[in-house]
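Participant: Starting from the two chains in their separate frames, assemble the complex, guided by the hints.
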Amino acid sequence: MSDLVLRNIGKTYANGYQAIPSIDLTIEEGEFIVLVGPSGCGKSTLLRMVAGLESISQGDLLIKGIQVNNKEPAERDIAMVFQNYALYPHMSVYDNMAYGLKNRGEPKSEIETKVNAVAQMLGLEELLTRKPRQLSGGQRQRVAMGRAMVRDPKVFLFDEPLSNLDAKLRVQMRVEIRELQRKLGTTTLYVTHDQVEAMTLADRLVVLNKGHAEQVGTPMALYDRPASTFVAQFIGSPSMNLIPCTVEDGVLQLGADCQLASPQFSTDKIMWGIRPEHVDIVPLQDADLNLQVKAVEALGAETLIHGSVKADRDKQYPFVVRLSGNHAPDIGQLIGLKVPQHAWHVFDAETTKRIEAL
Amino acid sequence: MSVYFPQKFLPYLLLLPQLAVTAIFFLWPAGQAVEQAFYQEDAFGLSRDFVGLDNFTELFTSPEYFASLKTTMVFSFSVAFLGLAVALWLAVMADRVIRGAMVYQTLLIWPYAVAPALAGVLWWILFDPSMGPVALLLESIGIDWNHFINGDQAMILVVISATWKQISYNFLFFLAGLQAIPRSLIEAAAIDGAGPTKRFWDIVFPLLSPTTFFLLVVNLVYAFFETFGVIDATTQGGPGQSTTTMVYKVFNDGFVGLDLGSSAAQSVVLMVIVGLMTVVQFRYIERKVQY
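Line by line, the protein sequences give chains A and B. To convert, note that position 291 of the first sequence is 291 in the UniProt record's numbering; the numbers rise steadily by one, no gaps. To convert, note that position 97 of the second sequence is 97 in the UniProt record's numbering; the numbers rise steadily by one, no gaps.
So that you can see chain B by itself, here it is in the shape it has in the complex (with noise of 0.2 Å):
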């Protein structure tokens, strides 16, 4: 829908506030990053040369880097499917409840409203070694638990806590979906002879679909990008490389090991990524989805 102001200057002023917002805290840092991309600066920051695409030919020539795609790929897609699968699971069952349905509802979405450091913390207690009760519960059934020194271990348990807060929302936006699905399309599906199983195949999922790809955008871009706090307060990237993601190594690289040109190199390389994946996602899968 088009709406014409008579005014010229009126909507300008009206965009204004926003616009500020984004160039200020979008566009000149994220201005300043492409900048600084094409210098190599001294550890003190008191000199800076220019060196092309030095930064960038570097980072394609490292195996570290290839590495933290390929973590972040893992990590990414496991923490995008393993909520959704799990979100979508509760809140099939909680549009199940009809007593007290407002308890498991509120319940199942608080874990969203926990800051994602606390949450790291969280399960970084829950699975320490030595004392976590997890850990401990893995121990007494044979599994032998210590993600300082696994690192599959380690990812694991990123992944798991990085999914755990992101069920909620997910869950939320499937809950309200299929409340959305009319009954009598349930109904109709089970006097054509459908079961519960097949009618959630057939029925419930594919019109749960719009939502479903909604969230998988909404997911990856959080594992891809927002998941800083989470690695930084179980794992802190480690042990070794095993669960530096791409945003991980930005940090590492440019505040810890100081390299401010590779790290705005990677933020570069970061930005043009998440563009593709949002064109990509939205041009030609959305097309598909919809019913």
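Just chain A, same shape as in the assembly (with noise of 0.2 Å):
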């Protein structure tokens, strides 16, 4: 049985904004579901839809095949874990971790068992009788989990955790969460602006832009076809290259002197994109594309070079290579660029859909 099913969820505000017109989502039992989006797209407000914190204006909410639409965030039987963590300042972290199984009426003794089990699980058994500001970043986070943890919920909701730990931290966190999602088997949604968390924690991804859902599958489905322009430039990093061209009697017009052999599309005016890994460097005179370098970051393991390709007349499109190693071109250097068939990504310009060769 699904465990958590969205169907035609929608949420309008009272001043008569739709921020999500309608998703349909079925989570599977120990499913780990990441919302993906830029900010504003509706992904915490989805969320929060979950936890009942926002109302539904319509659609179902479906948690182990019960409605909950108008159940109270207590009655649903969730965890959130939020941004700023949430914690209760004027408790220990016991009580913090204790507050929710005590609201249920559980008794004494298997609240301490219950608490002591997930604390000794996270780490945080020194930690029980200290007051939330005497915590690290880091603690903090632990113990908002194990506050979820403890009650043993049937859904647990991440809204961006992470982002307010700093860079090595949330590396750190990012793999505890998974391992411990792994080990509970409790089905996660889980909320994200960062598209590295959003492919490395999720066995699905639901990428979010204004409201609708784009594009919902695995990471690396997503990552190898991209549903449309704003996946494609939304998942890896740095983002897809994309250039709007023109297809004519299987000649690919990528600028005024830059013509590829291609396949047909059931249209002419398309978006070509390739991703900054997928291309080679070559001799000038091999190239398929030249690319005139503005900007070179060079990261040890691998370089990004940062340029444009010309294209019609004056127009110029940015294009970024990501080559592993290191590389040192001259700033203003044309190099040769080899953009092979089998890694294109082609979307319709008009509604920038992906399309595939006829």
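Everything labelled a hint here was simulated from the structure, so no lab data went into it.
The following residues of chain B were derived to be distant from chain A, with all beta-carbon distances above 10 Å:
id	residue
1	A67
2	L107
3	P116
4	V218
5	D259
6	V272
7	Q281
Under 8 Å between C-beta atoms, here's a sample of chain A residues computed to sit facing chain B:
id	residue
8	A51
9	L53
10	P73
11	A74
12	I78
13	A79
14	F82
15	N84
16	Y88
17	H90
18	Y99
19	G100
20	R104
The structure presented is a predicted model; accordingly, all values stated were derived computationally and were not measured. Glycine residues also receive a C-beta, built at the ideal position from the N, C-alpha and C atoms.
Facilitator: Right, dumping it as structure tokens:
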């Protein structure tokens, strides 16, 4: 049985603003689903609707087959980890974790056993008597997760839980969250704007754009076959190079003096895309495309070359190439690029949807 | 945080205006009061004799003085408690209002701008036994209201008039305090299964405790020392001594009874009390309300 079902879920605010037109999503038991999108795409609103902190304007929300649209947050048997952790500042770590259990009226000994078990799992035993202000960012994050875990809820909800941590800790906590979720097997809905977090954590990703689910699928499916230019640019870093161009009679006209043999598509006007890591550098005479170098970012293990490719007359399009190892082209230099056809992504220029060769 | 000035002189120069004000308007009269407390002065102020601690001995053996102490306690704690409770209730309600929130808030703050004596007169008219609308209303439901005769009713009247003004002030602080509590905490508590009432007492109220404590101190000091105007405008300390607080007694004995020595001794006692109150409140209670 599916654990969490969103059927035609929508949100319209009292002032008429439609934050989420309609979303369908079926989440299986134990799945880790990441909602990802730029700020204002409605991902937090959707999460809060599942939590019961926002009302649902239309559709059905089912948890374990039961409609919970009008149930109080507490009755939905979910647990949420907030961006700012939302730990009760006047309570000790122990009391923070025990609060939900106390409210359920569980016996004291039971509460103690559960809290201690979770504390041990998260390495919080030493901190149980401390107040939140005496904890570091990572520890607070752990307590917030402990508070969610201790109630053994049907669904975990995470609202950008790592965005207040520094980069190093974020990576560490990311791994920890994934491990814990696997161990507990609790269905999880996780909101983030960070595509790396989304890619690494998710069993399935939901890319949201203006309240629409642009694409739902495994991280690799989204990376390999993005359904639209929005997904193509959102997933992967640096994002995919996209150039508007035309295909006529088996020729892709990339610019004034760049023509590539191409299969035919259902439309002539297309957005042609290729990921920075799928481009090779070749001598100029063998090149499909010439790149004028504007900036070089050497990251040690890899090098990002930012530049532009010339299209018709004065038009130039930004283009990024990602190479492994160290390269040091001069600024302003022209370098030749090979763009293998199997790595192309082609989108309809009108609808921005992915199209395949005929 | 400490700031060090390279000059020795400048900091004192900058402090001078404040120090001068304190010295001229507080230290000097306070010093005079202390001096006066050891003298007995005749009713016309023509001569005075040094009487040592006689003024104090007389004070502490006088049942009237202890009666006024008791009156002060009842009055002050009633005002502080009522003022805090009502203001908190109003603030919680106003915090929930979304549409027209500014209007509610502004209206609730207005009473603070009313002068104490005016507030007193306002309530005095409302509760006037023969023509006050509230008094007539009470009469119609079978309560015989006459604060000129009934000491308890007089006390209720002064407590109400003194509290009414203070509610606005408390409301302002409580509202700010409530708005400073992150919404996510309330939401977390809701997910943790706490209903609105439980959320208030478990989360909101403890988080407001620094504000509540601060207001408690301010309100007690207000009720102790700044309610002269209200009492004078409504009951003049009567009937009998039933609403004569210590501050009112200082005025009454000194400027009506013209017993300046006793009046000065009472001010000295009040000074000691306010000092003690401040020390006790900040040294012992504040520690417990920090989280």
